[in-house]
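Asks: Can you build the whole structure from these sequences, using the hints too?
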Amino acid sequence: MSSTPVLALHGICKRFGAVQALTDIELEIHAGEVVALVGDNGAGKSTLLKAITGVGPADAGVIEWCGRPVRIQRPRDAQELGIAGVYQDLALCENLDVVGNLFLGHEITRAGVLDEVAMERQALELEPLAILTKHRPNVRVPVATLSAGQRQSVAIGRAILSRPRLLVLDEPTAALGIEQTAQFLDLIDRLRDQGTAIMLISHNLGDVKAVADQAAVLRHGRNNGFFDVPSTTHEQIVSSITGATDNAVTQRATKPWEDML
Amino acid sequence: MNGADAPGDAGGAKAAGRTAGERRATVRPGGGPGEPGRQGLKGYLRSLGDRLRSGRLGAFPVVVSLLVTWIVFQSLNHNFLSPRNLSDICVDIVGPGLVAVGIVFVLLLGEVDLSVGSVSGLTASIFAVMYVNSGEPEWLAIVSALLSGAAIGTIQGFFFARVGVPAFVVTLAGLLVWNGLMLYVLGASGTIDLGDRGLVAELSTRYFHSAALAYGLAALGTGAFFVMTYRDNRARSRAGMSALPVWEIAERTLGVAAPSFAAAWVLEDFRGVPLALLVFLVFVVGLDFVLRRTTYGRRIFAIGGEAEAARRSGINVVWTRVSAFAMSGTLAAVGGLFLTSRVASVGQTSGSTTLLINAIAAAVIGGVSLFGGRGTTWSALLGILVIQSIASGMVLIGLETAVQYMVTGGVLLGAVILDSLSRRSQKLHGRA
Ligand SMILES: Nc1ncnc2c1ncn2[C@@H]1O[C@H](COP(=O)(O)OP(=O)(O)OP(=O)(O)O)[C@@H](O)[C@H]1O
Ligand SMILES: [Mg+2]
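Residue numbers (the working numbering), protein chains in the order written: chain A, 2 to 262; chain B, 2 to 433.
Simulated from the structure, these hints should not be mistaken for laboratory data.
Virtual Cβ for every residue (Gly too), placed ideally from N, Cα, C.
Misleading hints may appear alongside valid ones.
As the list claims (entries may be wrong) - In silico contact screen, one side only, chain A against chain B (beta carbon under 10 Å); selected entries:
| id | residue |
| --- | --- |
| 1 | Asp41 |
| 2 | Arg77 |
| 3 | Ala79 |
| 4 | Gln80 |
| 5 | Asn102 |
| 6 | Glu121 |
| 7 | Arg122 |
| 8 | Arg141 |
| 9 | Pro143 |
| 10 | Val144 |
| 11 | Ser240 |
Replies: If you want it as structure tokens, here you go:
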């Protein structure tokens with residue numbers, strides 16, 4: 002199983018002016034594996050994700066794709082490797098309709114002309130959009146008219162549309178309802194079984210426990226431990242996130258995992 | 002590195018994941034084919050009412066303004082709707098209209114180009130100096146003028162998109178610089194007369210007097226529109242997707258047919274179809290196609306909607322922005338040639354700020370949002386038609402330019418208020 006990881010990060014650093022957001026980050030993700038990236042607010046999770054997707058390239062460090070060092074300087078670079086992302090914010094164009102957003106940047110064309118019918122047909126088959134199409138199949142409304150959860154679904158649909166080899170998700174369930182979250186976690190299971198490598202950022206340790214194989218903890222922009230999720234307790238991860246074994250959070254959260262689910 | 006990675010554990014995690022998965026709700030399949038569109042005239046009227054109330058106004062306000070303008074001036078002076086006057090308006094709109102079409106590209110990005118008036122004056126002077134003063138071949142002078150417009154737009158776009166100077170400032174500087182350069186190019190001569198020979202001179206004096214051509218073009222336009230709408234619709238319903246109700250296709254086709262045939266009739270009654278108007282329509286239709294049906298147009302709308310989302314989806318935002326400014330500069334040059342042709346000369350007052358204001362006002366009155374991401378090239382045509390109608394009507398009833406400015410300003414203010422209100426109403430109805 003210790004094959005070459007799809008993505009390996011070595012010594013990734015990123016600085017915003019005076020803020021050192023990431024310092025010497027190490028991370029590996031294999032095909033068919035879900036790695037959860039956890040950490041407190043401001044730990045640098047979103048920054049790391051943006052370094053992987055080329056939205057905010059790293060200042061220093063080595064990114065290896067299937068064992069080969071690559072440069073990811075722009076979003077296109079990451080897309081060409083087969084990386085797709087769902088971001089925490091600013092991910093959709095409100096004036097475009099759902100189909101327009103789903104295919105933005107990789108539209109289907111016929112003889113140079115947008116093939117709206119083909120795009121809409123594919124859109125209707127996308128599973129995360131079932132939330133939109135369940136009651137009234139309408140993928141032609143502007144995204145501005147959608148609820149936060151529906152937008153989240155569009156963003157997720159957009160990411161899996163390109164059949165990525167690595168899917169990176171920044172708090173994708175934050176706006177989702179109970180049923181939609183469950184469907185989403187099922188979808189993650191299935192993508193993993195199909196061999197997709199998945200990096201999941203979440204504050205919800207219940208979700209992490211439900212789907213993740215590994216958990217990588219970030220703290221103040223540095224690695225703060227790797228855990229094998231099934232054999233790790235809630236408290237271990239929490240104390241690694243907060244940097245203390247004995248504080249308010251760990252005391253509150255001493256229940257075993259099973260009760261949490 | 003990856004501390005506790007053991008082969009067995011990954012499998013165990015998967016199993017655990019699946020057990021957890023079983024406890025979760027099962028996934029529902031996606032929705033079925035489209036709900037049937039509202040049928041019948043009643044349903045159509047209701048959906049029209051819905052559309053207007055929720056702030057999706059489309060071409061509705063500008064068409065109403067145009068009709069009001071025409072009715073008012075016709076009641077004040079019976080020559081207003083005469084074939085001669087309407088025909089003149091149709092030629093007068095072409096110059097500023099083409100400039101406005103270029104501005105639409107920039108407005109769609111949510112930016113503004115204040116330099117188009119000066120650019121059109123400068124490029125027209127370059128043309129006139131090369132062709133008349135230096136005796137270069139006319140085609141070379143035309144190509145030089147157009148390339149200058151494109152180059153100026155590209156430079157301004159570069160400073161905005163790459164260097165990051167606000168477009169407002171870059172193009173305001175451009176307004177001064179290119180106007181100064183125009184005065185320099187014109188030099189001592191001041192005004193250059195074009196004479197009545199040559200391609201540019203003919204642009205606004207050539208008419209095609211042939212009923213077959215006029216009605217043929219109207220029929221062709223309507224037919225092409227109907228066939229395209231019908232084919233799109235059939236492809237959609239074949240694929241099991243919601244299609245337009247019959248009434249909407251009828252409405253749209255009629256919306257194209259009525260003005261086309263009316264225009265053919267009016268133009269035919271005077272001197273025939275003006276070449277300038279044909280060129281203008283080709284630009285409007287062609288660029289509308291580019292904006293709404295191609296990947297490039299989709300990118301412009303995306304950047305106007307949310308530039309960061311566009312960038313994250315891999316769109317080259319810098320290049321797309323530069324290209325929109327280049328488009329604006331080029332069309333300013335094209336419009337400048339038509340304006341030159343109309344007055345048969347280039348002088349120090351060419352490319353005035355009135356042109357700039359009319360072009361921006363036309364786009365906005367026509368329904369292009371100043372907030373970016375909404376509008377079409379047809380907005381420029383309809384908007385400039387309103388503005389030119391006001392100008393022409395004022396001249397007919399003998400009012401001074403002062404009043405004309407105030408009225409046009411009032412219409413512009415009205416359009417901007419409508420834009421803001423419709424945006425607010427769309428927000429209220431969740432369609433920001
Ligand atoms: N564009 C930026 N400019 C300046 N500083 C930034 C920028 N983006 C992030 N930072 C800083 O980098 C650090 C890490 O931010 P990041 O968004 O990666 O945190 P996060 O782990 O995703 O937090 P959260 O859980 O709240 O989403 C923070 O200290 C933040 O202030
Ligand atoms: Mg974050």
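Asks: Now, for every hint given, state plainly whether the structure supports it.
Replies: Hints and how they fare:
| no. | hint | in the structure |
| --- | --- | --- |
| 1 | Asp41 | violated (21 Å) |
| 2 | Arg77 | holds (5 Å) |
| 3 | Ala79 | holds (8 Å) |
| 4 | Gln80 | holds (5 Å) |
| 5 | Asn102 | holds (8 Å) |
| 6 | Glu121 | holds (6 Å) |
| 7 | Arg122 | holds (5 Å) |
| 8 | Arg141 | holds (8 Å) |
| 9 | Pro143 | holds (6 Å) |
| 10 | Val144 | holds (9 Å) |
| 11 | Ser240 | violated (16 Å) |
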